[in-house]
Structures are given as structure tokens and as C-alpha cells.
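Once you have looked at the hints, place chain B on chain A.
Chains as they are written, first to last, in the working numbering: chain A, 33 to 603; chain B, 114 to 564.
No lab work stands behind these hints, which were simulated from the structure alone. Note that the structure is predicted; figures quoted are calculated from it, not measured. Note that the Cβ used here is the ideal one computed from N, Cα and C, for glycine as well. Where hints are given, some of them may not hold.
[Stated by the list, open to error] Straight-line alpha carbon distances no greater than 20 angstroms define the calculated EDC-like cross-link-like pairs of lysine to aspartate or glutamate that follow:
{"no.": "1", "chain 1": "B", "residue 1": "483", "chain 2": "B", "residue 2": "466"}
{"no.": "2", "chain 1": "B", "residue 1": "263", "chain 2": "A", "residue 2": "165"}
{"no.": "3", "chain 1": "B", "residue 1": "263", "chain 2": "A", "residue 2": "164"}
{"no.": "4", "chain 1": "B", "residue 1": "261", "chain 2": "A", "residue 2": "164"}
{"no.": "5", "chain 1": "B", "residue 1": "146", "chain 2": "A", "residue 2": "444"}
[As the list claims (entries may be wrong)] With the C-beta cut set under 10 angstroms, the calculated list includes, among others, these residues of chain A facing chain B:
{"no.": "6", "residue": "363"}
{"no.": "7", "residue": "483"}
{"no.": "8", "residue": "490"}
{"no.": "9", "residue": "557"}
[Stated by the list, open to error] The following label-pair restraints were derived from C-beta to C-beta distances:
{"no.": "10", "chain 1": "A", "residue 1": "339", "chain 2": "B", "residue 2": "262", "range": "23 to 33 angstroms"}
{"no.": "11", "chain 1": "A", "residue 1": "457", "chain 2": "B", "residue 2": "167", "range": "12 to 22 angstroms"}
{"no.": "12", "chain 1": "B", "residue 1": "262", "chain 2": "A", "residue 2": "443", "range": "25 to 35 angstroms"}
{"no.": "13", "chain 1": "B", "residue 1": "465", "chain 2": "A", "residue 2": "162", "range": "22 to 32 angstroms"}
{"no.": "14", "chain 1": "B", "residue 1": "465", "chain 2": "A", "residue 2": "86", "range": "12 to 22 angstroms"}
{"no.": "15", "chain 1": "B", "residue 1": "235", "chain 2": "A", "residue 2": "167", "range": "40 to 50 angstroms"}
{"no.": "16", "chain 1": "A", "residue 1": "70", "chain 2": "B", "residue 2": "308", "range": "26 to 36 angstroms"}
{"no.": "17", "chain 1": "A", "residue 1": "86", "chain 2": "B", "residue 2": "308", "range": "24 to 34 angstroms"}
{"no.": "18", "chain 1": "B", "residue 1": "564", "chain 2": "A", "residue 2": "326", "range": "52 to 62 angstroms"}
The primary structure of each chain is shown beneath.
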Amino acid sequence: MPSRVQWGPASVGLTLAIFLAAFLVVPVLKVIFVAFQDPHTGSFTLVNFQDFFRTSLFRESFWNSLYVAGMSVMLASIIAVPLAYFTTRFNFGGSILIQTLGVIPLIMPPFVGAVAMQLLFGSNGSVNLLLDEHFGFTVPFMDGLNGVILVESIHYFPFILTNLAASLANIDRSLEESAQNLGASGLRLFRRVVFPLAMPGYIAGASLVFLKVFDDLGTPLLLNVNKMLAPQAYLRISSIGITDPMGYVIAVMLVLFSMFSLWASFLAFRGRDYSSVQKGGGGLLKRDLRPWEKTGAYLVILLILAFVLAPHIGLLLLSFGTVWSYAVLPDGFTLDHYLRVFETSSQYVTNTLLYAGLAATIDVILGTAIAYIVWRTGLRGRTWLDYIATAALAVPGVVLGIGYLRIFLGWEVPFSGQPLAAWWVILVIALSVRRLPYALRACVAALQQVSVTLEEAAENLGATKLRTVWRIVVPLMSGGILAGFVTSFATASVELSATLMLVGQQSDAPLSYGIYVFMQSAAGRGPGAALGIIAVVIEGLGTYLSHRVIERGRRMRTADRIVAETVLGVE
Amino acid sequence: MKLHHRALPIGRALAFAFAVSSFCGTAQAMEDKLVIVTSFPEDLTGPFQAAFQEKHPATQVEILNKKTSAGVKYIQETAANNTTDLFWVSAPDAFTLLKGKGLLEPYAPNSEGIPDMIGSFPINDPDGYFFGFAASGYGIMYNTRYMKAKKLPLPKEWDDLKGAVYFGHVGMSAPSRSGTTHLTVEAILQGEGWDKGWASLKEMAGNFSTVTERSFGVPDGVNSGEFGIGIVIDFFGFSSKASGFPVEFVYPTITALVPANVGIVKNAPHPEAAAAFIDFLLSDAGQKILFDPKIQRLPVKPAIYAEAPEGLPNPFEDNSIGAAVHFDSELSEGRYNVVNSLFDQLITFRIGELRAATQAIHEATEALAKRPDPKAQALLDEARQRVAAVPVSEAEANDPAFAAVFEKKRKKATDEVPQRQAEVEQLWDAFARDNYAQAEELARQAIRLVR
Chain A
33 MPSRVQWGPA SVGLTLAIFL AAFLVVPVLK VIFVAFQDPH TGSFTLVNFQ DFFRTSLFRE
93 SFWNSLYVAG MSVMLASIIA VPLAYFTTRF NFGGSILIQT LGVIPLIMPP FVGAVAMQLL
153 FGSNGSVNLL LDEHFGFTVP FMDGLNGVIL VESIHYFPFI LTNLAASLAN IDRSLEESAQ
213 NLGASGLRLF RRVVFPLAMP GYIAGASLVF LKVFDDLGTP LLLNVNKMLA PQAYLRISSI
273 GITDPMGYVI AVMLVLFSMF SLWASFLAFR GRDYSSVQKG GGGLLKRDLR PWEKTGAYLV
333 ILLILAFVLA PHIGLLLLSF GTVWSYAVLP DGFTLDHYLR VFETSSQYVT NTLLYAGLAA
393 TIDVILGTAI AYIVWRTGLR GRTWLDYIAT AALAVPGVVL GIGYLRIFLG WEVPFSGQPL
453 AAWWVILVIA LSVRRLPYAL RACVAALQQV SVTLEEAAEN LGATKLRTVW RIVVPLMSGG
513 ILAGFVTSFA TASVELSATL MLVGQQSDAP LSYGIYVFMQ SAAGRGPGAA LGIIAVVIEG
573 LGTYLSHRVI ERGRRMRTAD RIVAETVLGV E
Chain B
114 MKLHHRALPI GRALAFAFAV SSFCGTAQAM EDKLVIVTSF PEDLTGPFQA AFQEKHPATQ
174 VEILNKKTSA GVKYIQETAA NNTTDLFWVS APDAFTLLKG KGLLEPYAPN SEGIPDMIGS
234 FPINDPDGYF FGFAASGYGI MYNTRYMKAK KLPLPKEWDD LKGAVYFGHV GMSAPSRSGT
294 THLTVEAILQ GEGWDKGWAS LKEMAGNFST VTERSFGVPD GVNSGEFGIG IVIDFFGFSS
354 KASGFPVEFV YPTITALVPA NVGIVKNAPH PEAAAAFIDF LLSDAGQKIL FDPKIQRLPV
414 KPAIYAEAPE GLPNPFEDNS IGAAVHFDSE LSEGRYNVVN SLFDQLITFR IGELRAATQA
474 IHEATEALAK RPDPKAQALL DEARQRVAAV PVSEAEANDP AFAAVFEKKR KKATDEVPQR
534 QAEVEQLWDA FARDNYAQAE ELARQAIRLV R
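Bound conformation, chain A alone (with noise of 0.2 angstroms):
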């Protein structure tokens, strides 16, 4: 590390600490420290949490929370790791469409998803009610904490899968081509030397699976299951009120766990070096599968596939469907409900692409500026700013919501007038603020795959900070980075919690507003699971073309070398 003052470096890290104050810290702490009030007297004390731990419900409900997180990432890993491998090691029919459809289940949006899911595997679901019919028995996919597991892994499963395979793509081939040379091959070489060399990716996937099931509202809450941590913090805050100090308690533990299994995966880092000068291509392009393991590659890609988009042909059938009631499908089909949907509401759809556009980018010059002085300077206090951007995850959109509401309400736009809170750019930031973690953990990913050689180089040419970061850093992490807008922007487009709370005008409002307006009635139905299509497809061409832009530029970087390498007559 260079050891004279680094002014550049920490004039953004404190404009990074000011808007993470202003915008996370303040608005959070203006809320949570009713959790340290004593409801008698207003003073400060600890009381709350004696509650906490002495009522049963919530140790249950902790308890809870910690199984279906683990068992989401266990199932959400089977799904994810066969599908990164299979499409980055090997000459693959398709692989770009597979890594598209794979990040499909992100973004699907509020409400729809389980409604859909209830339809297909509900008790009274498609699938039961034909092994009912034709075998006799049920199987209760849906129930409790299973249906909220099932559910978790086949939504969350694409961060381990877009992270994974970014990993997998920057992994020196040179060192597999090694290890096969000296008799490594299929699994022993994956299991030995490509996984642990992807590691950070898989961490980086799985703590992000993880905290966002732990803290997940929507799932739990839309399949009636409440006896998990995230449910009773919602249920208190919006049943009881907004001066109830047990919600915030325990918004305060998720959050104090959520810090904690960060901290747990970042000292499974410790003393690791990861990074390798060669970056992606390198000696090996991608093998050959043998005719029999191509087909059975592709029979388990096919099943994963069915499996993860059973949401999105749920919801395509009922977006289509007239009436759907227990049965099997729905009784006819139409195309009302998208006329419907677009005659009334394609002001969802432009704000939608506006905010989660803006947020995303805004998330990726944070993330990668986060990242970089996290791990190439030693400003002090620098893992703070990585701390404070991922308890993001932790604090509730509710809570959040509540906290902007109280702090910019008071101030106006300057020359129209509103208030701060209700103009739309508050929510940009709101989501931004809650879809930052994501972008700075594929930031922070494709950083540590950097070696700092590359970048002490560039700077013994004479190249400066700014310029090394600009030419040399931010190019090597540009697959990172656009992993981490795609998620981001994918994620806050279906975000819902904070959005609720913010909305100041329908004319200013995002899809997920819409949907839930629209899935309030048995009339609208229809026309919700439509605007949920439409939402899922303009994501799924925003991911396939992101994928092909990335794709493109490795093709281009590995064409330029051998080039070179001929110009230059190496070998």
C-alpha cells in the first residue's frame, strides 16, 4: 500500500460516508432507537431485548428464520452450481440463453409470484390435484416453512449463479489446464481446483442468498407463514404502530445478525489471495462435452430450468387465463387483460425503467468505489463503508420508508413546492439505498480477482490513481459490475416495501405499485399477472442483452490475443 496521504481516495470516501449517512444511518436510526426507549419513562435501556429473548415466539421465530435461510442457500446451491459450471467450463448449445433464463427468477415481482406458485403446487394446485387424480396422494410442497424454502431458493438461487459464474469466467485456465496436465479431471478438477478457485464468487452468492432470505418479508408473508423473524418485525411496525419498540427490535437483531454472518464470511477470506494476473482465457477455451455427458447435462439443466421458471408459466397462464379455480388449468383463455393493462398502465412500466435504471447505475459507481477503497487503500475506517452499504440488506423497506418520511418531509423541492418525501426521486434513492449491497458484493467479487500487480504496474508507467482505476481496474471488473446492475436494476424494479410507503402520486409510481393495486381485487387478477409479465420481460431482455455485451468482449479480448500472440510470435 502506498503510504502518503491519499487525498483522492478519501475526498470519495467521504462523500460515499455522507450519502450513506443521510440516506441509510440517519433515516434508520431516526427509527430504530424506539427499540432503546423505555415505553414508561422515554429514557434509554435495554428492557426491550429482555422481551425479546423471554417471549417464545420470538426465539421460535428466530429459530425459523435461521432454517429457512440455511436450507435456502443448501437448495438454492443444488440449482445454481450445476447450471454456472455447465455453462462457463464447457461448449454448451445455448449457454447464454441458459444464464438468461437462470436470472429470470429474480425479478419476479411481488404478489404475482406466489399467487402463482399457490396455483402450481399448492395444496388444491395444478400438480396435486393431478397426483391426486390419477396416484391418490398429495404432496405438501406449499406448507409452512417448506413452501417459504421453495419459494426463497428458486427466487434467490440466480445471485449464486450470477456470481459463481463470473468467478468461473476470471479463473486463471492456465491453472486447470495444469491440473489436467498432472491427471486432474471431472469432478476431482472441479471439486479440487475450480470451485475453491471460485470461491469468492460462491461466498459472495450464498451470504447474499443468505441475508436476503433471513431478512426477507415478501415470501413469508404472501404464503401466511409469520412465525420468522422479518414477518414479526412487519407485522409489529405496521399492525401495532410505528412507537412499538419490539419491531425494531428486532429489526435491530436482523440487523445485528446480518453484520454478524457478513463478518463470518468475510473471515473465511482472511489471509486468502485469490487473484490471478491472467485474467479469463488464458491457455484453455471452453471443452468438449462427450455425446452421452452432453445429454445428460442437458436433462438436468432442462429439470432445473422447469423447476426455477415454474412461477413465471404459472403466471403466464394465468395473465392468459380467463377464470382459474381449482383446476388443473384455467378454464379458457384471453387476451383481455393485457389490453386492459395497456390501456390503463403503461406509466408504470416507463417509471419502473427510469427509477431501477437510475438506482442501479447510481449502485454500481457506489459499489465499485466502495469495493476499491474497501480493498486497495488503507483509508481508516474503510470497512466500515463496506459494513454500513450491506446492512442495507438488514434494515426493512418499511423502516426505511418511515425514516425518509420523517426526516424529508419537512423539506420541499425547491421551486414546485412538494415535499422532499413524496417527490420521485426519493425513491430512486430509497431503492438504491436498499439494492446497493447487491452491486457492491459483485463489485467486491470481481475486485479481489484483480491482482494489485496489474495495477502497481500502471502506476510505475506513471499512470495515476484516477487513470489507473479508469483504464486499468474498472475495465477488468466490467463483467462484475454489470453483474451487479443487472441484479440490481432487476431487483429494485420488483421492489415493493419501501416503494409503498413512498409513493406520493400514482402518476409518479413503478410496476410493483401497479401489480399490488391490481391484485387487490378478483377482477384484477388477470391484468396483475399481465403487468408481472410485462415486467418480467423486459428484464429478461435487459439481462440476455447485458450477457451478450459481456460475451462479446471476452470473444474480442481473447481474438485481439491471439493476435498478438502471432504478431509476436509467442509459440
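Showing chain B alone in chain A's frame:
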């Protein structure tokens, strides 16, 4: 992206302000905007919005959809810089609460032809802070395909839902989650009395397949066939049926008919437009919109029923609807939080334990019907009592001092709250868990005795 022009050029703004101020003295100037916070679905708000817009094309209506409880909170949180004109939801107690906090503005609408009472409920707030525009009752909704496939008898009364035959087939929302469900629970508690009411609720709840998080989760579950029977507000049943779902709705004898309301928010930025909207809601044209097949609510203007669609009951003629319960909304408001919390602790969060105890009781009842045995019967009766037990008496629940435990807002720093809500709830939770476990054990003992 359509960008909204929020900032008028200064010159035009000044000219506009001048024009408005000079215009105000002569005629009623209607503002160019109206902001409504509502819990009603798009299916209801859409037609009203369109019809009002047609009548007043210069006024842009903005609808903000929030759940009742979230809406109340939104009005409270934003009171310092209020941007909302109208609050438009079902639950009258939400209005009582806002009125109590001084967040509503009184108004005298043109309400010719609207009587004072519907069933046993006053339609309008006596002080003129909020107004009923439609009535709703609570009842039972069921999916006919589901009932046929599972060979279930059709329920008519709340008591029917206690039968063993409906075990695992019923769904309901929690009163803490939905203002309308709260009214259902209060109607049962006021209709049957506190102790008997809770016993009834818990007997029914033992048959629940789920306690949904949103009130719409219940009709949604019945419509899709996830569970067969739902305890819902009438328009959920009527509108689901009108949308083509194979469902039916019945009013049990004990139900409260209560109005859905609208009121002007204190310091509304567009008071004229807000008043015009209320007048429109109560006009003949506005009342007729309620007959829309996607809305299907009961108008408060008796004369309108002449044009009612088939199947929609007329509460002004059919006295059986909502007559049995004299709904006391002050009583309801006073113990609002106590009832919500009690329901959550005894039923919502312990639904698994309650279901297990109920299943054992159903099995024991069946076994005893085949082989009567006084000792086993005593055990079974004891088990039922354990399930029915409530940790709070009616007098205690109605006591304002006790309710204060659940009302966290201390007015002054010196105000003392007797107990912490978390403390009380911890006791209730333990009470429910232990009683349900013992009830299950007792019922299992009774079964073993007769086997």
C-alpha cells in the same frame, strides 16, 4: 418517460395565482387537482375517478392506494406537511381514530335522500367529519367447485364453520392486518358476548387452513381453490362472483352492516375539489356506480335500489341483514388494539398449535359419539374449555387504563404507562401455547380411554 411539469414558469404562475385570487370572490373555484388516499382496489376507484373526471375535466384526480392501517399512518406521518385531500376507506374506526387525533376537517355534504341509519349503524359521523357512501356486511364465501370435489355441506351460519367436516378448509385474515376483518371479529364479539365470542372464534379458527396477511388474501384463496371457505366482507364475494369465479356468498344471522366512508383531511390542499368529490359520491349518479359488477357494494340511498342488479340484497327492506347486532363503534375503537393483539397472540401466531388441539378434539368427539364414556367426556369437555379460555376478561379489555398499555403515544414525558405491551403479550403467548398443548393432550387421553 413522461416528465411531469411541476414547476410552472414564474410568470405564468404569477398570472395564474392572480387569476385564481380574482376569481375566488365570485364563484366557487375548483382546484386543478385532488389527491385521495384509499384502500379500495382499482376496480372500485377507477369508475368513480373516470366519472368524476368527466364531470370536472379541469380537476386531475390522483389516487394513492394504501392499506387502511398504512393509510392512517401515512396521514399521521404527513400531517405536518399534508398533501392529501380525501381519506377514503371502509373501516369507520379508522376515521374515528383520525377524528380523535384532529386530522379530519368537518363538512356538510348534500346528502338528500340518505337516511340516518343502515341496519343498526349510523351512516354518517354525527359531528360531520366523515360520511358513509356504501354499506357492507360480513359473511361466508365458498368455492362451489371445491365444495363439490371435497363433498362438503354448504355453510350458512358462523356456527356451521366449527364442524369437524370443515377442518383445514377455512381461511380468514387477522384483524390487526385488515380493518374489515377487525369489524367482523368485533361483530362476533359484540353479537355473542366477549367470552362466548372468543370461544366461537377459536373453535372456527381451529378449522383454519391459514390466517392470511392481507384481507384480499381470503377471497383470493377461495377464488383459486387454495381453501374452500372464507370469512369475508360481502363485496369480495359479490365481485368475485361477478368476475366469473365459481363462488357464492351468504350473510349469517349475526353480522354487522357498516358503512364504507370518506372524509376530508385536515388542511387539505384542495378543499373545494374534495367537497365536490364527496357530493358526487352521494349523488344518484355516484351511488349507481356501486352496482358495477366489479364493485357490487350496497348504496346508502334507498331509492337507488330500484335499479339494483339481481342478487344484490336491499338492506333497507331486508331487515334480516345486520339487524341482530347493534354495532357499537365506540366500544370497538376503545379496545381496538387489545382485540387485535389478543387475536394475533391466541390465533394468528399459534395457529399450528390450535389446529393440532382442534384435530385431537374432533377425533375424540367422533370416538365418543361411537362409544360414550363419562370419564372421557369429562376430559374432552376440559380440553374444549382449555381451547376456549381467554386470558383477559371483558371488563379488563374495555378498561381504558388497560388499553393504554397498547397505546404507545405518551402525551407528556411524565405520563406513565402501567405495563409494557411486550410483557402482556408474552404472557398471552405462553397462555395460548400451554392451553393448546394441554387441550391436545387431554383430547388424546379421552381417545385412549374409549379405544
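Verification of the hints:
Between residue 483 of chain B and residue 466 of chain B the alpha-carbon distance is near 26 angstroms, which puts this suggested pair outside the 20 angstroms criterion. About 13 angstroms separates the Cα atoms of residue 263 of chain B and residue 165 of chain A, which keeps this hinted pair within 20 angstroms; it holds. Restraint check for residue 263 of chain B and residue 164 of chain A: satisfied, since their Cα atoms lie roughly 12 angstroms apart, inside the 20 angstroms limit. The straight-line distance between the Cα atoms of residue 261 of chain B and residue 164 of chain A is roughly 15 angstroms, inside the 20 angstroms bound, and the hint therefore holds.
A threshold of 20 angstroms between alpha carbons decides the hint, and for residue 146 of chain B with residue 444 of chain A the separation of about 19 angstroms falls inside it, so the pair holds. Satisfaction of the interface hint for residue 363 of chain A is found here, the shortest Cβ-Cβ separation to chain B being roughly 8 angstroms, below the 10 angstroms cut-off. This hint is violated: residue 483 of chain A has a C-beta 42 angstroms from the nearest C-beta of chain B, more than the 10 angstroms allowed. Taken as an interface hint, residue 490 of chain A does not check out: its beta carbon lies about 39 angstroms from the nearest beta carbon of chain B, beyond 10 angstroms.
Annotation: residue 557 of chain A was flagged as interfacial toward chain B, and the flag holds, the nearest CB pair being 7 angstroms apart, inside 10 angstroms. Checked against the hint of 23 to 33 angstroms, the C-beta distance between residue 339 of chain A and residue 262 of chain B comes to roughly 27 angstroms, which is consistent with it. At about 33 angstroms, the CB distance of residue 457 of chain A to residue 167 of chain B disagrees with the hint of 12 to 22 angstroms. Checking the proposed 25 to 35 angstroms range against residue 262 of chain B and residue 443 of chain A shows it is violated: the Cβ atoms sit about 58 angstroms from each other.
Taken as a hint, the range 22 to 32 angstroms holds for the pair residue 465 of chain B and residue 162 of chain A, whose Cβ atoms sit roughly 28 angstroms apart. At about 21 angstroms, the CB distance of residue 465 of chain B to residue 86 of chain A agrees with the hint of 12 to 22 angstroms. The hinted range of 40 to 50 angstroms is not satisfied by residue 235 of chain B and residue 167 of chain A, whose Cβ atoms lie roughly 57 angstroms apart. About 34 angstroms separates the C-beta atoms of residue 70 of chain A and residue 308 of chain B, a value consistent with the hinted range of 26 to 36 angstroms.
At about 28 angstroms, the CB distance of residue 86 of chain A to residue 308 of chain B agrees with the hint of 24 to 34 angstroms. At about 60 angstroms, the beta-carbon gap between residue 564 of chain B and residue 326 of chain A stays in the expected band of 52 to 62 angstroms.
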